[in-house]
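So the chains spell out like this:
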Amino acid sequence: MSRSRRAKLQLFRVVTFVLLGAFFLGPIWFMFEFSTRGVGENSPRTLDAWKEIGTYPDLVAGIVASLQLAVITSVGILVVLVPTMVWVRLRLPRLRRVIESISLLPLTIPAIVLVVGFSPMYQWMGINLSDSILTLSLAYAILVLPYAYRALDAGLAAIDVKTLSEAARSLGAGWFTVMWRVIVPNISSALLNAGLLSVALVLGEYTIANNLLYPNLQVEIVSLGRTNAGVSIAVAVASLLFAFVLLVALSFVGGQRGGRRRTRERLVQTFGRDFSGGTR
Amino acid sequence: MTASVETTPREGVEVRLENLQRRYGAVTALNDLSLTLAAGELVALLGPSGCGKTTALRLLAGLEEADGGRVVIGGQDVTGLPANKRDVGMVFQSYSLFPHMVAWENVAFGLQMRKVGPAERKKRAIEMLDLVGLAGYADRYAVQLSGGQQQRVALARALAIRPKVLLLDEPLSALDAKVRSRLRDEIRRVQLEVGITTLFVTHDQEEALAIADRVGVMNAGHIEQLGPPTLVYTRPATPFVAEFVGLTNRLPGTVRRGVVEVRGTELPLVQADEGEGPAIALVRPEAVSIATDGDLAAGPLVGTVIAVAFLGATSRVTVDLGDITVLAQMPTSAAAASPAGTRVRVALRMDPVLIAREEKAPVEA
Amino acid sequence: MMGGRRLSLDWIGAVPFLGYVALFLFLPAAIIVAGAFASEGGVTLINFANLSRPYIVSAIVSSVILSAVTAVGGAVLGALLTYAIATGNPRSTFRRVVTSACGVLAQFGGVTLAFAFIAAIGPASAVYVYLSQHHLDYYASGVWLYDLRGLELVYLYFQIPLMVLIFLPAVDGIKPQWREATESLGGGTWSYWRYVAGPLLAPAFLGSTLLLFANSLSAYATAAALINQGGPILPLQISNAITSEVGLHEPGFAKAQAVVLIVIVAIVSVLYAVLQRRTARWLQ
Numbered sequence: 059m060s061r062s063r064r065a066k067l068q069l070f071r072v073v074t075f076v077l078l079g080a081f082f083l084g085p086i087w088f089m090f091e092f093s094t095r096g097v098g099e100n101s102p103r104t105l106d107a108w109k110e111i112g113t114y115p116d117l118v119a120g121i122v123a124s125l126q127l128a129v130i131t132s133v134g135i136l137v138v139l140v141p142t143m144v145w146v147r148l149r150l151p152r153l154r155r156v157i158e159s160i161s162l163l164p165l166t167i168p169a170i171v172l173v174v175g176f177s178p179m180y181q182w183m184g185i186n187l188s189d190s191i192l193t194l195s196l197a198y199a200i201l202v203l204p205y206a207y208r209a210l211d212a213g214l215a216a217i218d219v220k221t222l223s224e225a226a227r228s229l230g231a232g233w234f235t236v237m238w239r240v241i242v243p244n245i246s247s248a249l250l251n252a253g254l255l256s257v258a259l260v261l262g263e264y265t266i267a268n269n270l271l272y273p274n275l276q277v278e279i280v281s282l283g284r285t286n287a288g289v290s291i292a293v294a295v296a297s298l299l300f301a302f303v304l305l306v307a308l309s310f311v312g313g314q315r316g317g318r319r320r321t322r323e324r325l326v327q328t329f330g331r332d333f334s335g336g337t338r
Numbered sequence: 015m016t017a018s019v020e021t022t023p024r025e026g027v028e029v030r031l032e033n034l035q036r037r038y039g040a041v042t043a044l045n046d047l048s049l050t051l052a053a054g055e056l057v058a059l060l061g062p063s064g065c066g067k068t069t070a071l072r073l074l075a076g077l078e079e080a081d082g083g084r085v086v087i088g089g090q091d092v093t094g095l096p097a098n099k100r101d102v103g104m105v106f107q108s109y110s111l112f113p114h115m116v117a118w119e120n121v122a123f124g125l126q127m128r129k130v131g132p133a134e135r136k137k138r139a140i141e142m143l144d145l146v147g148l149a150g151y152a153d154r155y156a157v158q159l160s161g162g163q164q165q166r167v168a169l170a171r172a173l174a175i176r177p178k179v180l181l182l183d184e185p186l187s188a189l190d191a192k193v194r195s196r197l198r199d200e201i202r203r204v205q206l207e208v209g210i211t212t213l214f215v216t217h218d219q220e221e222a223l224a225i226a227d228r229v230g231v232m233n234a235g236h237i238e239q240l241g242p243p244t245l246v247y248t249r250p251a252t253p254f255v256a257e258f259v260g261l262t263n264r265l266p267g268t269v270r271r272g273v274v275e276v277r278g279t280e281l282p283l284v285q286a287d288e289g290e291g292p293a294i295a296l297v298r299p300e301a302v303s304i305a306t307d308g309d310l311a312a313g314p315l316v317g318t319v320i321a322v323a324f325l326g327a328t329s330r331v332t333v334d335l336g337d338i339t340v341l342a343q344m345p346t347s348a349a350a351a352s353p354a355g356t357r358v359r360v361a362l363r364m365d366p367v368l369i370a371r372e373e374k375a376p377v378e379a
Numbered sequence: 054m055m056g057g058r059r060l061s062l063d064w065i066g067a068v069p070f071l072g073y074v075a076l077f078l079f080l081p082a083a084i085i086v087a088g089a090f091a092s093e094g095g096v097t098l099i100n101f102a103n104l105s106r107p108y109i110v111s112a113i114v115s116s117v118i119l120s121a122v123t124a125v126g127g128a129v130l131g132a133l134l135t136y137a138i139a140t141g142n143p144r145s146t147f148r149r150v151v152t153s154a155c156g157v158l159a160q161f162g163g164v165t166l167a168f169a170f171i172a173a174i175g176p177a178s179a180v181y182v183y184l185s186q187h188h189l190d191y192y193a194s195g196v197w198l199y200d201l202r203g204l205e206l207v208y209l210y211f212q213i214p215l216m217v218l219i220f221l222p223a224v225d226g227i228k229p230q231w232r233e234a235t236e237s238l239g240g241g242t243w244s245y246w247r248y249v250a251g252p253l254l255a256p257a258f259l260g261s262t263l264l265l266f267a268n269s270l271s272a273y274a275t276a277a278a279l280i281n282q283g284g285p286i287l288p289l290q291i292s293n294a295i296t297s298e299v300g301l302h303e304p305g306f307a308k309a310q311a312v313v314l315i316v317i318v319a320i321v322s323v324l325y326a327v328l329q330r331r332t333a334r335w336l337q
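Protein chains in written order, with the numbering used here: chain A, 59 to 338; chain B, 15 to 379; chain C, 54 to 337.
Note that these hints are calculated values from the structure, not bench results.
All the pointers check out, no bait thrown in.
Some chain B residues judged to face chain C by a derived CB distance under 10 Å, without partners named:
| hint | residue |
| --- | --- |
| 1 | G76 |
| 2 | L77 |
| 3 | P96 |
| 4 | A97 |
| 5 | K99 |
| 6 | R100 |
| 7 | S108 |
| 8 | Y109 |
| 9 | F123 |
| 10 | Y155 |
| 11 | A172 |
| 12 | A174 |
Glycine included, every Cβ here is placed at the ideal spot set by N, Cα and C.
Modelling step: build the complete structure from the supplied sequences, incorporating the hints.
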């Protein structure tokens, strides 16, 4: 490459990164700025808005509910998926493609469409079973399914499930022991991946909760935002920070050497192909 | 029967690289490199990775700018010209062809850049494909062609624009061994037929020796020896050349009074003024012979055959002399008398030898 | 090797998963499709006919326009960013940080994003306060952040990173030899883009734009957080149809709208898959 062309290219790159970097980092920075404003002009920065978070009972209830949902959903999806995926690998290899296609299906179905189908179901459930907000976890598990599947698939692909389980069985282990004490410890990073992704997704979820009229964290943030912008933005920043910390933790819980890069890239690809609109 | 491109063969042009310098940060890739290619000549630049041969080619192509020196093509100083104005044809090691174009479209691309009309350039593209023996493959995409076929299309594409120079950057390195030797001869045939001045870069010394008019052996940014293949092989100018081109025995000895004494035999020196003291004599296997008669009890040149490698007309015999092993190359009939396990006496022919001082060979075997 | 009876026992292992998915994925889908064609009294197309109501038509049109604008805008800006990333050192930390950031930002949407923009350029933001005091009142003719124009800007925040994620592999697949071959054959920068890189990247670019379109069309949360009343786009109309009084009387209406949305998305997905095959063939 000639020197002048290289110079022009570098200029383009610098300009692009600076301009777009400002576009992307700006709103985040301003969220911090907004939520740390003092009262009146030129007053010093303060964390008052943050401290006030605890004084809004609905908001706190929303935080608690979302955290509970996050845990229930991520544990639940793992409990269902891990044995199923292991079982399919061992005994039902022909079902593998089917399971994969089904698991990736929610990526192509917008959440706003899904919730139309959920609506009558949740009305029925509310009357006949329970109207607790925690029933949302059943819906959330569907949203989370593709990401959890991809993460677990990568983790299971890296270990020889067949040999491990056959060895354990031949030594007298029952199926529960095989799952719990042989398979699970060996895919711990994939499990953590799947779990963290699920938590991040559930905490950011708005579409389904709002349209089924359940007050989760994001719903409460919006409704608070109509009256008290500062506090609502503070909570929004908090949830963003929390999700960011989770995703950073994710990049360290990469797992087995090459698997780390591959898992991350597959996840990035998964992210890229999602337009379910669940968090948008 | 392959057709020629045109009735009158193209006249090649002289190409000169003068005092080329190229640095990458702290690393000097080319250090005052000068090379002249005569019209119609095929020069091979041979050397290990990192010796600067590809850099030299890319400077000639105009894909990189030199830090110093000149490039002259056909009497014209092209040093300041970008690649697209230099009228050179280039074949890359891999990924040569555009994947979205069929073979003839690839070949016609250079003509398209020169504003040749569609019908005319298709016609000439087909002619070029015919020249490289791929007449029926015009409508194939790169993925539908084997590696060797892709490189032949790449060659046709480079020649279609009737460039002044043909540049080949390790064109055979990514191919299977069998394909490599066939294609190598094909490239040479086409090059001679078209009469184009050609620079061929490779790390494979067999390739370079087989097809080049002259071979330039490069090391660390400069040319160690430039000459016809036979000369470079039989009379290496430096220890590096001796060890990079062909096989060499490294025999420890002592330099004394204008000769080197190796295990009791005194061998003349290529460089008469070598300093005295311990040295390593570089002896070609062809200069080593074995005999099964005479005193085989003990001695510095007595040992046991540990392997015989059949190479066709010649064979290579490995002899264990106790502290070192020696390679001897001879007609197979002579080797037949000494299979593995035979006690033999080794003799060194009185050819002048080169001396190396380093403990270790500069190039990995 | 295994007898038939053994096989059917193995099947049971998949039942929990399949049962759950049947209940919470296929059942809702069936409800939507069946309900779209139903009304009191049986199978009918009335729900689809009702889609011609002016406010629905306007919502669909606005959705399509919004999605098209943010798809093209996101694609173009995203392509520039992709090119800037791809032309750097492929193994550098900077590149890994930037691509990870794109992964995060592509998912970063909804409520938090809306609030971030409100904080950044909204009526109470430091930027607006400062600029309006200096005679640059950009809300002079209305607070556009809270309507479609605002959505166009805000959606770019996740559209651009999404573009990078899906377009980068294609750009990475462009081999430097093709540029050098073009040059040695006499082509300059313009020729290179016109005859080599352009045609090679066109299917990927087009496919990515389509994906961005579907992504934007499906987005709900950001719009819901920014737009307080009315339903200028289809997802908001769907939401109204489920949650409002009107929706209770016409349960099939929301479902018909949902069917329209999912059909558009499905068509786009198929087109994307076709273009993706072409890209994969050339750029691996």
